[in-house]
Each structure stands twice: as structure tokens, then as C-alpha cells.
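Participant: Start from chain H and add chains D, R and E according to the hints.
Residue numbers (the working numbering), protein chains in the order written: chain H, 25 to 439; chain D, 25 to 439; chain R, 25 to 439; chain E, 25 to 439.
Hints should not be assumed to be uniformly reliable.
Repeated chains share a single entry, so a pair holds when one copy, or any two copies, can fit it.
[To be verified] Straight-line alpha carbon distances no greater than 30 angstroms define the calculated DSS-like cross-link-like pairs of lysine-lysine that follow: (1) Lys-316 / Lys-217; (2) Lys-316 / Lys-81; (3) Lys-217 / Lys-86; (4) Lys-324 / Lys-81; (5) Lys-217 / Lys-366.
What the hints contain is simulated information worked out from the structure, not anything from laboratory work.
Number of protein chains: 4
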Amino acid sequence: MGHAAQETVVLSGHIIDSLILAKVLDTILMMGGTFDLEEVSIGKTRNESSRARIVVKAGSAKLLAEILRAVQPHGASLEGESDCQTRAAAADGVLPDDFYATTHLPTQVRLAGEWIDVTGIEMDLGIVVEGNRSCARALPMADVRRGDAVVIGRAGIRVLPLQRPQERDVFSFMESQVSAERPHGHIISDVAKRMEALRQGHRAGKPGCKVLVAGGPAIIHAGGREALTWLIEEGFIHVLFCGNALPAHDMEADLYGTSLGYGLSAGRVVPHGHEHHLRTINRIRGIGSIEKAVESGVIKQGIMAACVRRGVHMVMAGTIRDDGPLPGVITDSVAAQAAMRKAIPGVGLALLVASTLHAVATGNLLPATIPTVCVDVNPAVPTKLSDRGSFQAVGLVMDAASFLRDIARELGAQA
Amino acid sequence: MGHAAQETVVLSGHIIDSLILAKVLDTILMMGGTFDLEEVSIGKTRNESSRARIVVKAGSAKLLAEILRAVQPHGASLEGESDCQTRAAAADGVLPDDFYATTHLPTQVRLAGEWIDVTGIEMDLGIVVEGNRSCARALPMADVRRGDAVVIGRAGIRVLPLQRPQERDVFSFMESQVSAERPHGHIISDVAKRMEALRQGHRAGKPGCKVLVAGGPAIIHAGGREALTWLIEEGFIHVLFCGNALPAHDMEADLYGTSLGYGLSAGRVVPHGHEHHLRTINRIRGIGSIEKAVESGVIKQGIMAACVRRGVHMVMAGTIRDDGPLPGVITDSVAAQAAMRKAIPGVGLALLVASTLHAVATGNLLPATIPTVCVDVNPAVPTKLSDRGSFQAVGLVMDAASFLRDIARELGAQA
Amino acid sequence: MGHAAQETVVLSGHIIDSLILAKVLDTILMMGGTFDLEEVSIGKTRNESSRARIVVKAGSAKLLAEILRAVQPHGASLEGESDCQTRAAAADGVLPDDFYATTHLPTQVRLAGEWIDVTGIEMDLGIVVEGNRSCARALPMADVRRGDAVVIGRAGIRVLPLQRPQERDVFSFMESQVSAERPHGHIISDVAKRMEALRQGHRAGKPGCKVLVAGGPAIIHAGGREALTWLIEEGFIHVLFCGNALPAHDMEADLYGTSLGYGLSAGRVVPHGHEHHLRTINRIRGIGSIEKAVESGVIKQGIMAACVRRGVHMVMAGTIRDDGPLPGVITDSVAAQAAMRKAIPGVGLALLVASTLHAVATGNLLPATIPTVCVDVNPAVPTKLSDRGSFQAVGLVMDAASFLRDIARELGAQA
Amino acid sequence: MGHAAQETVVLSGHIIDSLILAKVLDTILMMGGTFDLEEVSIGKTRNESSRARIVVKAGSAKLLAEILRAVQPHGASLEGESDCQTRAAAADGVLPDDFYATTHLPTQVRLAGEWIDVTGIEMDLGIVVEGNRSCARALPMADVRRGDAVVIGRAGIRVLPLQRPQERDVFSFMESQVSAERPHGHIISDVAKRMEALRQGHRAGKPGCKVLVAGGPAIIHAGGREALTWLIEEGFIHVLFCGNALPAHDMEADLYGTSLGYGLSAGRVVPHGHEHHLRTINRIRGIGSIEKAVESGVIKQGIMAACVRRGVHMVMAGTIRDDGPLPGVITDSVAAQAAMRKAIPGVGLALLVASTLHAVATGNLLPATIPTVCVDVNPAVPTKLSDRGSFQAVGLVMDAASFLRDIARELGAQA
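Bound conformation, chain H alone (with noise of 0.2 angstroms):
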């Protein structure tokens, strides 16, 4: 077999101690590839960065595409750039065919001969170029409007390798760690000093140290309410993802001391306790809303109670399996991701705690340089994440009270 196609590409910065070399030597032959490395100079100490040309060699330019498509995201970009190429959109909603979808990482175009960062960058948007060609933005499909100006193809458009960060903690490691076998404790430790670190950032009017939480209801079923409440209380957290269902049990549990009918400290199963969620979500709906009803009084404590206090940012998002729902719960999935993305600027570190479908849904949303911890007690749910494939995806195979009420003793909560 020949090689009927060739292209060269360039890497560079810490593309040896990021893998980032070998990843891509080893995609190139996993895909059917060849190679020949020239001009490789490696940095002698850990502050030089690295470079490497590479002459990527396949046996049809249709290959040749696939290979340059996927050793791209490692940051792999033509040698040669010309500017980036865009196509105006046909229709609202409908990108062109050859679109260019975005990855979590940082990520520039090229226009009129430089390399511009690309705003609101998170994985599987497009990219529109606007105001005259001098700026770009990634654009989730639905919010593209005729006749934007979408980039396609894939000249002109780099992707930056994450550095490793200067923080020898848990979120520098190579590989993410989701056993349930290996020790927590300092996994815990080291998020919990970024909280605390983060804390004092944003009392000190910083960017970027807000602390996100997107939790799922198995919180308040195995007893993670009141540390949660308590960090809510502290200034650790400051905007909030969840579903109809954790508000739903949090106040639940402070108008009936249930959670699903689970008595929360008397400890005792209420047959048909279910009521009591249905009565708590019937009788917020009759006030009009969570801030009305912590306001006069009817909820008194919790997570609910503390973030309506605190000003935590909350974005409540609806899903098919809701009773009711609750008062502010953005029923439209596409609005909730609206009000999630809009969210997001501004947050130093993530934990995504016991729910799926929030850990998914806000993994997506999130750029690749926010650390970000995955904590359930299914292995399956940090194994999705960490999939992602970023240093900062941290997964932890635990429950999720067990985890909020370590955070809370490493900060200084009592019991």
C-alpha cells in the first residue's frame, strides 16, 4: 500500500510530560496511518515547552481527513494555517454540513492572519465569527440564526493543549481515578482546600472562584442534608444545578422530617410516605415559590432555606420523572441548558454529586479548565465522566453524604 495522501502537522508546548505527543503518534497508527517525526526538540527541564513536526501519511485522502480530524483535538494544527473558512448558516437552528464541532478544550481561530480565542468554549458547539470578522464565539446548534457566519472545515482553527497545572494536588495526576478501592482522604483534603481557597477568592471580589454543585435527591436520602446545608451556610458553594427532586426532599424534610418517606432522624419508614413529597411540592406550588416560601417562614432550614439566604445562584431543571414540579423549575430542557451555560462563567471548580444526569449534562457544559469531581457510588457515573478524557476530571466511587460531610469536617463543620 502507498501513501496516496500527506499532510504535516505541528505540536507544541509540554507535549511530552501531557502525553500529548504519543497520543497523537498513537491515534495516527490506530487509524491506519504511518508517520515520520522531524524536527522533534524537547524541552530539557520541566518550564521549556516542546516541538514536533509530523508528516502524517495515509493510504487515501479520505483517511488522511479522518486522521487529521482526530489528532486535532490533542492540538495538532496544520502547518501552514490559512485563515479559517465559514459558511452563513441556511436556516435558524441548522448549521452547515461541515461545521466544525468543538471540543472543552481552548481553542482559536484564525482570522484575518491571527489566532483568536474562541469565547464560551464548551464540547460539541459550533463556532460563529462575528463583528466583522474580529471575534468568535461557540454557539450550541439550536441558538444559530440564518445566515450566521459558522466556521467550517478545519484550516484555520487550533486547539491548546491543557497544561498541566502548577498544583501538585489531585487534580494534577495524569489519570483520574474512579476505584472505589483506593483511599478518598486526600482526594477530599485537596478539594476541600481549593474550596477554602476559593472561598476567600470570591470574598475578595476574584473571578473565577465560584464553586458549583449539581447534585441529584440521594444526597438528602443518605444524609448528606445538613452538610450540605451547612457549606451553603459557609460561603463554600455559590451556584447550584439540580433537578425538581433535591429541592423536593430537602423541604420535604424540613416540613415533615421525611425524605421520600424515609424518616430522616427518628429513622423510621412511613408506609406511604410518598404523600408527604407530593403535600411539600402541592404546598410551595400554593405560595407561589421557594424564595416566598423561605421568606415567610414556612421553610426554615436546609439547602433551600441556605440558598435563597446565601444568593446561591440555583438553576432547577425539569426532567419526566417530576411530580408537580416545583415552583421554578425550568421545564424546558433547552431553556435549562440556557440557564446552565449562562451559569457557568465565573466557576473555579465543580463537584458533581450523586446524579447522572446532572454530572452528564453539566460535564458537557463545562470547559476542560475547570476542575471538576465526580463523586457516586456507581462506578459507572465517574467512569462516563472521566471519559472526557481532561487532567481535571477527578472521579470518586462513594456516597454522596459520606463525601459532603468529609468536605464539611476538612472545613471546619462540627461532627
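Facilitator: For chains D, R and E alone, coordinates are given in the frame of chain H:
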């Protein structure tokens, strides 16, 4: 401790071999009450019904009320029943404070001295009395309108415990099985027999013979696409509940031969293949609908093609993790729930496959009388479903593809 | 189909609120038999016992025998009992063909017209009659000796269904709870209360007050070492079943501060740290025994140190995945089982923590009368245990370290 | 912090596309050292090998030693190698304190200036030099004898990093896949192709062509008995590692048509059917051996019958959860490990199916050069195995029966 309060309840039907009497007595004791059994008459054969009068005693009126609320779902109705009471809803979407919350069991209310069936029964709804107090139907909280006559309290309401089904198949046993270590063969064989019989019934125009599948995208990832397509084409499936991902992956497989970037036949991971997923959704958005994509020949094979051609009733519900979404996906969760609810009458068997969200959401909408199978590789999902506590929910811990292929083979598919 | 065969069985005791009558009738029907209920007398209060005579009918003598075998473990004994029958074992380690296989419920055999308790009851053993037919004990297959009088058939044997315990704690309910989504708090609190009471009893010399822990190495990986050490030092644990790995990791933590190469305090993975594990084992082998290692001051702290100092009865059983193994590990599985069996009399509570192998092996040895808690992050393990079908096995889906630390905190440990 | 200590190491081979260089640099940084890269020469094509000299620097001699220990398993050997050092073992079963602990990678020691292959390599053993320092073999701790010349320290030892295999099948990729959501089809197809090729090789008398199955009883519970029997009968399996339960359930299925009391064909749970299990074991004990039971016609079909007839090399290892056990089960875990170890030479593919214990135990014994597939419905098991970190361990989250049936179908079995 004296007995400040007592009340007599009556149980009748197959209360012995359905464990009903035992559960009622157990609940009374567990909650701190005591009982005297009066006039127990036990049917001497399988077909004779039994009857028991139980004097329930408790230390306080409050505890007695709680106990009566807890035993009522088992069919224990108060002796000397009066008509049910109603109260007008004070606002749209809000039930009166003491509304009666339904179970998923057949339920009757007493109106003008007569026991009337409540229509549209499902779990966790209110009951509205209509037609000049001649009929009653179950209603979601959000659908109640100001002034509706909502049933309140517990008097004049009775729940009919399920009879054990006549067939001696997997649906007729006391405990649904969820262990990964139990043999699946006979369960699959029983399910297949039901499906065969239901297809015959459905073809003959018999009511209650539809088969519902609620499924997640793992069906496709894991290799169950061909089997499900075959089942639809052969007329075994009549209703399909899914999200955005299952149809997107199905059509991606048709257009690109991949599923989330995993090659399905050639069998290689295509890096950054998530693009195919996005391009598929974008393409169908451009075409305008799945139906048009099938009819115009763009989509040629697979689950969607089969559904369109066989007229399967599809409800696609959106979530916050969706890309796109596809045209036809109902993004509002309340509207999607309503569409699912509308599709359930006529269903005689429900298969909940590889989707926690759809399994739980569909489970909530199904009356206890519809035989249900929940299949998931994660044992937590069937456990969640079988917590519903009816004879009919059978759990199966196995991967979705293997299940569907085994079912298809039992029903005559090749390979 | 006529009824070729019938037999009358008698049930007595708390057969209603223990579900026993219901289960017996259900089993008869499920297996294809029918029944007539004769002379049902039901205790009118909690303390009165009930009694039922059931005529069991089946289409063949073989089926009837199978049904009788199936209902017997629920306490259904044949009317008109005769003495039990025995046959001499033909060879060492081999029971007669039709030997009676025990359940884990209290069992009696009739000898010379009198019902005699079978000693040493546990699941799946034979029964040997001794002392000139004056006593009977349960015996593992491998321990039977040629000529032993082994009980055969079903006549003259009765199983006593468990009474529901008097305490209204987590052990007294009908269904053991295994869901990860249910609150753990009250279960842990009930277990802690039992442990407190048992410690008092044990200190006062009361029999049946030992607490058994059977545990796996995940206790240490996940950070539960300090809590378990504290519980042992404070006198809450009296018997420990484990393998080679738990003591090895415990002593590795003492010698090197790591567990399988994971730093426990500094919190960093030490590559190839598995070496520490090997060096620990090798070192203890050199010293000769764990006891000597503790007494000589080589091992200063942790679970092993506490066990040696507090005189905890340890049984360490080897497996094919062991390195070493440590001195004291019983490598022969039959000998290890015998050592475990010997340690069980006197146990009043069993905690099976984070080890499928030890949980199942210990579960097999425990009579149904010993309250048992099974803790594992994998829901399949508690499910397996609770399949045993007694009131006493409570499942808890949570990680071992969190469980032990919560228990220790309930019992007064700091932090 | 100055650099109190430094040392130069050399890496050579396919150190780029095997990620080896990246991992070594990462490890150095992670542990707190720094490095200078000197003389990096990178092979320009797939077939040329690369070479790097790395100056490793650390703040203390102790840290330097730890880092060198950590990078050595990746193939980093000290420049200017001298011969390896040995010390005589002081007692039977105890290695010298500073013994070298093996990895599962091909290893050489330098003796009299020459690099000699260490035979019998597997993880976590010592190395003994024999034959007047002409050869070296890996030895379990328990097998070392007083006076044996055991390799100590790190000098004169090198580990050869694995080459990526030539075939482009599932075993040649960087990351083993364990997700339940990835397609299994191509993995199964690749495994089947290997098995076909190995059968041909084995029939032709080629070495290294045996296929090993290490399996648990879930194979039988879940319905994989026929498929495994077929594979054995057709000559695809040559070595079987199992416990007491798999053969007992297999023969129970033959004698009674049940597995742990679950009917396999008729498909009904037979209450207390655990008896069948016991009676099966007792019967085989009476006969004396599985071989005799097959040869005498008592056992007619199934896995054991096929193994006996086809001369499969079986190792049955006992555990503390066994009933009986069956004759032939090796109850001593050290002896069983030795028997397994003896059966491994000649194995060219290992399938670890539905048994955590056997998967881990076998995984410990396998050199990294043997392609290995680990199949379990619980994702934690393949994760545990793939933590071993070689190219060759492929994880598959699916149930055992489906796996075996799919493999059998790929290899030509009917239905």
C-alpha cells in the same frame, strides 16, 4: 400505654396468598399500633376469597390516622364507609391541602352510595370528581383547575389489591428477581411468550395488547439495534418512549456506521467520532423531521426507519444533556409526560430497557395492572423499580443488547 | 388433573405476622400444587400464637414430596410425626444419599418421641444423632465419619420459624434494606446501640455478647483503619474474620504509611508501592508471627496491634490471590472454615464489611438467630446475603470506611 | 531546594508510541523530582526504535532512590550498569530485606556482564540466581529456601517495556475498554479470531497456543453452560481455573436440571433447591472423583464432562465458602496457586469470566505478554484488572452467559 384511639378496617379478596393480611398486620405493629383480628374467614381453596375484620388500636388519634393511611393502599378500607369528600381547588395547578394521593393500584371512590372506578389511575396523582358526582378520574397536580372537586381525606376511597395473575409465568410470582446471578432464560422465554400472544391480540384488534418499550441509547452502543429493529418490523412493539440520544445514535449508525464514534461493524473507535452524532442531528434538523428523513430515503434502516414504517407511537422526551435536539423531541418535561401518559392506554406489557430516567418516569405512569420488565446492567435500576411493590415488575440484571437479541431469537429472528 | 397424592401439614406460631402462612400457601401454588385450609385459628393479639392445618395436594407423589420439602423450612411439619430416621454413613466424608440438609433456622429432630434441639445449626449441613439417640448435632459433609447415624428423609424433623424480635429496631423489620438511596443514619444508629449493649453484656460476662467483624482490605484502602482500630481498642469487637490482605495492608500502613502503594496520610500514590505490601509480609514472615511483631514493638498501631493487645479472636483465611501469606493465615480452606465455625458460638452481632468472599462464607456459617449487617459499596453483595431470607440480615450500600467511621462516631470516637 | 542527588537513566525501544517516555517523565515530576532530557533520539518511523537519556534530580538521596524504583518498571535502567547483586536467604520462605520485587513485564538481570532473561516472570515475586550465576528465575516468597541467592537492590536489573503487538486488533490499543456503554461486538469478534487462530496453532503443535478460562459459577446461573461446553468440546479451551462452585453447579445441572435451585430449562425456582447442590457434591464425593463420575456415565454432559473427555487441564481451588468440597478441589491456597502457576506456560490467551477471585488471582500469575480479557457484569472487576497497566488486559462489562454465547456463535455454534 392505653389505646386512646381505635378503628375497624375490613380486608377482603385473596388476602392470604397475596400476603396482604400479613403486610397489613405487620404495618400496624411496625408503626407502633396493635390489633385484634375479628371474624377471619379464610377461603379454603384457591378460588374462594378471604375476609378479615381488624380492630386497629393506637396510643393517639394522630398515630391511628397515620396507620390507617399506611394500610389503606393494601386494600384496608374503613368499616361503615361513607361517601368520599371533595374540596374545590383554590387555584390552577394546586390541589387542596388534604388531597388524597393515589397509588398505582385500581381505586374506587364512593359517590352517592356507590363505588365508582377512578379512571386514569397512576401513582401520586389527585382524584377529581366530575359529571355531577357520577365519575372520577386521576389528575396530575399541574392539570388541576381552580374549582375542580378534588377528593380529600381517606373516607369513601378504597384500593383493590391486585389478584395474582392466572398464568403461571414470571409475572405471577411474589418477588421480582433482580440478581445478576439468577438464570435469565425462563424470564426471557416468558416475556417472549407474552409478546407473541400480544401480537396476535393486537392484530385481532383486541384492546390492551400494545407493547411499550422505553429505552436508552445503550441499546445501540451495546449492539441491540438490529434486534430492536427486527422486533419493531415484525410487529412486536407498538409504543416507544425514548429521549434524544436513542434516535440520534440509531440514525448515526445508519448514516455513518458509528454510535457515539464507536464503529459498530468495522469495530474500531473513531477518535472524535462524537462529531457524527452532532452531524446526524444537524442533518435531521435541516430535513425537518425524522419522518421526512425516512420517507425521503435519507434514513434507510434501523429503529427509526422501522418505527416510521410500522406506525409505532413514539414519544421522544428532551433532557438537559441533549445535543440539538432532534426535531420531534418534546423539550418541555410536563408536555412530554402528558404525551407519554396519553400513549399508555392499551399497553399490555412494558419493557423498560437500559435507561434509568425512562424506566422510572414510565414506571410512575404505569398502573400496577400492566406487567413490566425492567432490564439494566446496573442492579440499582431494577431495584428502584421493584421497590414499587407490585407483582408485575420483574427486574433483570443484564445488558440491553443481550436481552433484546435473546428476545428476538426466541421470537424467531435469525442469528 | 386429579390429585394423586395429598398430605396434611401443620403450622403454628406467629405464622400470620411473620408471613409464614402466606409463604407456605404461595409455595404450594407456585410449585403446581393446591391446598385446603383446615382449622385455621388465628391469635387475636400480638402475643397469642396461631395455628393452621393445611391439606397439600399434588398431581403426583413426586411433586408432593418436592412441595413438602419446600415448605418444611417454613416450619410446616407433617401431621402425625414419627421419630426421625437415620442411616449410617458408608464412608468418611460422605453422607447417605437421602440425608436431610439443614437450613440456618433453629431445628429439632424427634428422638424416642421427644423433640430435641439440633446443636451447631448452620446452613447446608447434615445432622448426626449421637449419645444413644439422645442428642443431635449439625455436621459438615467433610466431617462425617463412617458409621455416623445421619438423619435422612423429612419425617421427625421440624424447623422453628423465627419470631420477630422484641426490639423495634432495624433488625425487626420484614425487608432488609439494600438500596443506596435509602437513609443510612437510623440503621447505623441501631447497630451502634446494639454494639453498646453487647459491650456491656460482654463485660458483665453475659453469653452471646460477642461482636464479629468479617472484613476485607477495602476497609483500609478507603480510610476506615483508624475507626476499626478504635472500635477494637474500646472493646466493641471480639472476633475478626479476614484474609491475608487486611492484616498485610494494616501493617503496611504502620510500617510505611501506605496501603497497596497509596499513601494514606500524605495522600499520594507511590508508584510500584505494591512493594511495600510485599516487604511487609516478608518482614512479618521473618519475625515469625503477627503477635511477635506487635509484642516486639515492630508493629505499633492499627488493627492488628489492637487485636493482639485486646485478645480479639482472629481467624485469617488464605486464598489463591494472596502474596506470602502472612504467618497465621490458615491456607487450607476446610481448616479455615472449621476455625471460623469454632469462633461463632457466643457471637451476638455480625458485621460483614467490604468483602464478598468473607461475607458469603461467614453468612453460610451463621445461624439465622444472629443479627447480621452486610455493608458493601456494591449492591450485589448485600443482595446476595439478603437472599438468605431471614429477618436478621440487613444490607447497607455504602463504603466501608464511611460505615466504620459513622459507627465509631456514634459510639463516642472523636472526629 | 537544591538537588542533593542525581542519577542518569536510559530508556530505549518504542518509548514514544508506547507512552513510556511520557510516563517516566510524569512519574519523576509527580514524585517531586525534576529532570533534564539529554540525547533524545526518536525513531522516525514505526519500526525504528527511540532512545533517551534522562538526568533525574531529587532533593534527597532517599527521594532519588524512590523515584528510580518507580521508573524502573517502565524500563528505565541506570546508566553504567553493573552486575546485579544477590544475598543469601536467611530462612526458608523469607526473602532478604531489600529483595527486588518483580513486575509482570519481561525482565533481565546482568550476570557476569551479560543480560540474562528471568524465567517464570510474574508480578510480585523475588528473583533467585542459580546454576553458578548462569540463570535466574522468579520465585514466590514462600518457595525461597535458606541460602538461595536472591537478587537485591536495583542495579543490574532491567525491565523490557512491551512492544505494541503487530496485529491491529482489540489487544493492541492503548486503553482497555471497560464501559458498559461501549459496543462489545468488535471485541468479541477479535477475541474469537484469536481463539480460532490459537486452536489451529494448538492442533499444529505450536507452543503458546493454549487458551485459559478462569471462571465463576455465574457462568452457569446466567445460562452460559451450553456455550462453554461447546467451546471446550470444539477444542477452543485447554486450561480451566475454577473453584468448587462452577463444577458443582455444572454437575447439578446435569443430575437435577437446576443450578443453586434455579431450574435451568423448565425455568422455575425450586424452593430449597440448594439441596441439589449439596447432593451433587455428596454424590461425587461418594464416587471419588469427577473423572470417575464422567467415565462411569453418572455425569453425561456439560463443562466437566467436556473437560474430562477433551483432557482440559483443570485446576480447582477451594475457598472458605465451599460446601463439600468436591474431590479434586485443592483446598490449600498455596498449593492451588502453585498448580495454577504450573498450568500457565503455553497459554496464549486468558479469558477471566465472572469471578473476581479467579480473575485477580489469575491476573497476578499472568506475565504481561499474555493477552487477557476480563468479563464481568460488575464494572469494578475489569477496572481492577486493567489497573495492572499493560496493553493486553481488555475489560468487558457484560454478563458471562451473553459473552460466552456470543463467542460460541462467532466460532460457529448453532443458536
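Participant: Now look at each hint and say whether the structure bears it out.
Facilitator: Going through the hints against the structure:
no. : hint              : in the structure
1   : Lys-316 / Lys-217 : neither (35 angstroms within a copy, 41 angstroms between copies)
2   : Lys-316 / Lys-81  : neither (65 angstroms within a copy, 40 angstroms between copies)
3   : Lys-217 / Lys-86  : between (49 angstroms within a copy, 28 angstroms between copies)
4   : Lys-324 / Lys-81  : neither (67 angstroms within a copy, 34 angstroms between copies)
5   : Lys-217 / Lys-366 : within (26 angstroms within a copy, 49 angstroms between copies)
Hint compliance for this structure: hints 1, 2, 4 are broken, all remaining hints hold.
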